[in-house]
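Enquirer: Chains A and B, in that order, are what the protein sequence lines are. Heads up: the first sequence begins at 2 in the working numbering, then just goes up one per residue. Heads up: the second sequence begins at 935 in the working numbering, then just goes up one per residue.
The hints are simulated quantities; they were obtained by calculation from the structure and are not laboratory data. As the structure is a computational prediction, the values presented were derived from the model and not from experiment. For every residue, glycine included, the Cβ atom is placed at its ideal position computed from N, Cα and C. Just to be clear, a hint being listed does not mean it is correct.
[Unchecked claim] Have a look at the derived ranges for each label pair, beta carbon to beta carbon:
id, chain 1, residue 1, chain 2, residue 2, range
1, A, D38, B, S1046, 52 to 60 Å
2, B, T1060, A, I68, 31 to 39 Å
3, B, V1033, A, A88, 57 to 65 Å
[As the list claims (entries may be wrong)] Simulated pairs of lysine-lysine, DSBU-like, Cα-Cα distance not exceeding 30 Å:
id, chain 1, residue 1, chain 2, residue 2
4, A, K161, A, K44
5, B, K1007, A, K9
6, A, K200, A, K127
7, B, K1063, A, K10
8, B, K1020, A, K9
9, A, K10, B, K958
10, A, K127, B, K1007
11, B, K1007, B, K958
12, A, K192, A, K35
13, A, K10, A, K44
14, A, K67, B, K947
15, B, K958, B, K1063
16, A, K161, A, K127
17, B, K947, A, K10
18, B, K1022, A, K44
19, A, K10, A, K35
20, A, K127, B, K958
21, A, K67, A, K108
22, A, K67, B, K1007
23, B, K1020, A, K200
24, B, K1022, A, K9
25, A, K161, A, K67
[What the hints assert, rightly or not] Only some residues are given here: those of chain A computed to face chain B with a beta carbon under 7 Å:
id, residue
26, K15
27, L60
28, N64
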Amino acid sequence: MALIDLSKKEVHCKVVYYGPGRCGKTTNLLYIHKAMDEKDRGKMLTIDTKGDRTLFFDLLPLNLGKISGFDIRIQLYTVPGQVMYEATRSLVLKGCDGLVYVADPLKVRQERNIEGLEDLRRNLEKNNLDLNKMPIVLQYNKRDLCDTPVPTLTVEELQKDLNSQLNTVYYEAIATTGIGVFETLTEITKKTVRYVAEKHLLTTID
Amino acid sequence: MADFVITAQAQEKAGSLIVNSLIKAGVRTALLIDSAGNVLANCGHEQQELDIDAISLAALAAASLAATSQIAKLIGEDDFSLLFHKGKNGNIHFGRVGVELILITIFGDDVSLGLIRCRVAELSDTLAKIFEG
């Protein structure tokens, strides 16, 4: 749910990084937090367990400059990926305006990727949101594993599993080193701001 | 859940209501947020001194109340309408305003919880009307 503050001329949007456990959602946020100038980002908030697994969510607020005189503020959230935390994922999705689905390239995680996307669709429905109408970007993370002997999925296989219905933009990424991280962020930000602006701002500004 | 568009008029009105009812009664900080964790109004005199991170506070409060609401459902309740935490020097009270809003109040031991509950209950209908119509 976007918040448009006409008195301060600010637009606040919520983007959620979704995906199966251990796919690199928090790593994306950590890289963005490390790479961005301090004046453009807020404090990163994480609620994790002892084993570095996200328990509730991570939050990273960003300031992304002005569009038509409005300051654009994006709040990036992650969800806990483990299957048992479905209730928590549904809570974090509440009021989200854009989505990044991070997929794991390991062959053994193929089912988890597909289940994760179904879980996303289901949890959006619980919040009266429709996956087919939301801004979404796919990120195929950990591409560096493809150069190792570990069996991995090809981009074609990932596309067939996850993107045949969504038909959206995808990026290959290595979140630990930042490859593809900002490309994903830029694209989802553009899509989200356009989505919110088309709904409200264009008519409000006129 | 619809998007929120806040006008300067609504914000001013809500701000002055919160200041008159809560801040003048001794409350340190009062934050009006929505259930997705956005800050709608931020009032109080300790913002500069304490430098409260309103964005993190709003996100955690929204999450905490959402989790509490799920707990309520597990025991057969619809929802718990308020949440209160007592600290050594400060206390925090969360109250629902309308369907989608939450009013967070931070206050010391010099203010009684009863007064806060009373004032928040009074404010809640008026604030809900301003933002939710």
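Enquirer: Hint by hint, note whether the structure agrees.
Expert: The hints, checked one at a time:
1. A/D38 <-> B/S1046: 52 to 60 Å: Violated, since A/D38 and B/S1046 (Cβ atoms, about 45 Å apart) do not stay within the stated range.
2. B/T1060 <-> A/I68: 31 to 39 Å: The hinted range 31 to 39 Å holds for B/T1060 and A/I68, with Cβ atoms some 33 Å apart.
3. B/V1033 <-> A/A88: 57 to 65 Å: violated, 20 Å
4. A/K161 <-> A/K44: violated, 37 Å
5. B/K1007 <-> A/K9: violated, 38 Å
6. A/K200 <-> A/K127: Satisfied, since the Cα-Cα distance of roughly 22 Å is no more than 30 Å.
7. B/K1063 <-> A/K10: Status holds; Cα separation ~22 Å.
8. B/K1020 <-> A/K9: Violated, at roughly 33 Å.
9. A/K10 <-> B/K958: holds, 28 Å
10. A/K127 <-> B/K1007: holds, 15 Å
11. B/K1007 <-> B/K958: violated, 36 Å
12. A/K192 <-> A/K35: holds, 24 Å
13. A/K10 <-> A/K44: Distance ~22 Å between A/K10 and A/K44 Cα, so the pair holds.
14. A/K67 <-> B/K947: Holds: A/K67 and B/K947 sit about 27 Å apart, inside 30 Å.
15. B/K958 <-> B/K1063: Distance of about 22 Å is within 30 Å: holds.
16. A/K161 <-> A/K127: holds, 26 Å
17. B/K947 <-> A/K10: holds, 17 Å
18. B/K1022 <-> A/K44: holds, 25 Å
19. A/K10 <-> A/K35: holds, 28 Å
20. A/K127 <-> B/K958: violated, 41 Å
21. A/K67 <-> A/K108: violated, 42 Å
22. A/K67 <-> B/K1007: Distance ~42 Å between A/K67 and B/K1007 Cα, so the pair is violated.
23. B/K1020 <-> A/K200: violated, 42 Å
24. B/K1022 <-> A/K9: The hint is violated at about 35 Å.
25. A/K161 <-> A/K67: The given pair, whose Cα atoms are some 37 Å apart, is violated under the 30 Å limit.
26. K15: At about 6 Å, which falls below the 7 Å cut-off, the nearest Cβ of chain B leaves the hint on A/K15 intact, so it holds.
27. L60: holds, 5 Å
28. N64: Cβ of A/N64 sits 11 Å from chain B, so the hint is violated.
Checked against the numbered hints above, the structure breaks hints 1, 3, 4, 5, 8, 11, 20, 21, 22, 23, 24, 25 and 28 and satisfies the rest.
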